[in-house]
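Start from the sequences, fold in the hints, and give me the full structure.
Counted from 1, the sequence shown has number 65 at position 65 by the working numbering; the numbering is strictly sequential.
Honestly, the hints are just simulated from the structure, not real lab data. Take these hints with a grain of salt, some might be off.
With a straight-line Cα cutoff of 30 Å, these simulated DSSO-like cross-link-like pairs (lysine-lysine) come out [to be verified]:
{"id": "1", "residue 1": "K23", "residue 2": "K106"}
{"id": "2", "residue 1": "K54", "residue 2": "K73"}
{"id": "3", "residue 1": "K73", "residue 2": "K142"}
{"id": "4", "residue 1": "K23", "residue 2": "K121"}
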Amino acid sequence: MRVVFFVFFLSLCFSLGADTLSKETVKIEIGGHIYTFEVADSREERLKGLMFRKELAGTSGMLFVFEKADYLKFCMDNTFIPLDIAFLSPYLEILEIQTMEPMSNKVTISSVKALYALEVKQGFFKETGLDIGDTVKIVGEKN
1 MRVVFFVFFL
11 SLCFSLGADT
21 LSKETVKIEI
31 GGHIYTFEVA
41 DSREERLKGL
51 MFRKELAGTS
61 GMLFVFEKAD
71 YLKFCMDNTF
81 IPLDIAFLSP
91 YLEILEIQTM
101 EPMSNKVTIS
111 SVKALYALEV
121 KQGFFKETGL
131 DIGDTVKIVG
141 EKN
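This is the structure we're talking about:
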């Protein structure tokens with residue numbers, strides 16, 4: 001029985017490592033450029049986030065969508081890529097930006113209530129000139 005459970009547990013771990021949860025994408029306009037972001041709008045997708053990824057294109061990331069504005073919590077367990085995170089208002093205004101280090105157990109908590117979070121490769125916000133108070137724009141529908 002223990003062997004069966006262990007095999008099941010291992011297969012579950014490997015399946016979570018595969019990019020099977022978040023397949024929907026959305027285009028977001030930032031500074032006149034269009035970027036593609038994966039959408040994490042279910043509890044399972046938000047929990048997995050960008051875990052187990054070995055790389056992330058500099059022009060992509062993940063948009064986390066929550067049911068209501070709240071103090072959002074993120075952890076970098078099993079996340080190999082250094083990330084920046086922006087916490088966004090219901091109107092997609094950037095309320096706060098934080099840097100998160102890979103494979104860290106530290107919990108990153110927004111200091112303000114936010115409805116969305118945008119995770120990108122570390123340095124993306126500096127490169128694009130995006131800062132607190134700026135607004136991003138969703139272009140089109142989810143794919």
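Quick rundown of the hints versus the structure:
1. K23 <-> K106: 27 Å, holds
2. K54 <-> K73: 22 Å, holds
3. K73 <-> K142: Holds, at roughly 24 Å.
4. K23 <-> K121: 19 Å, holds
The structure shown violates none of the earlier numbered hints.
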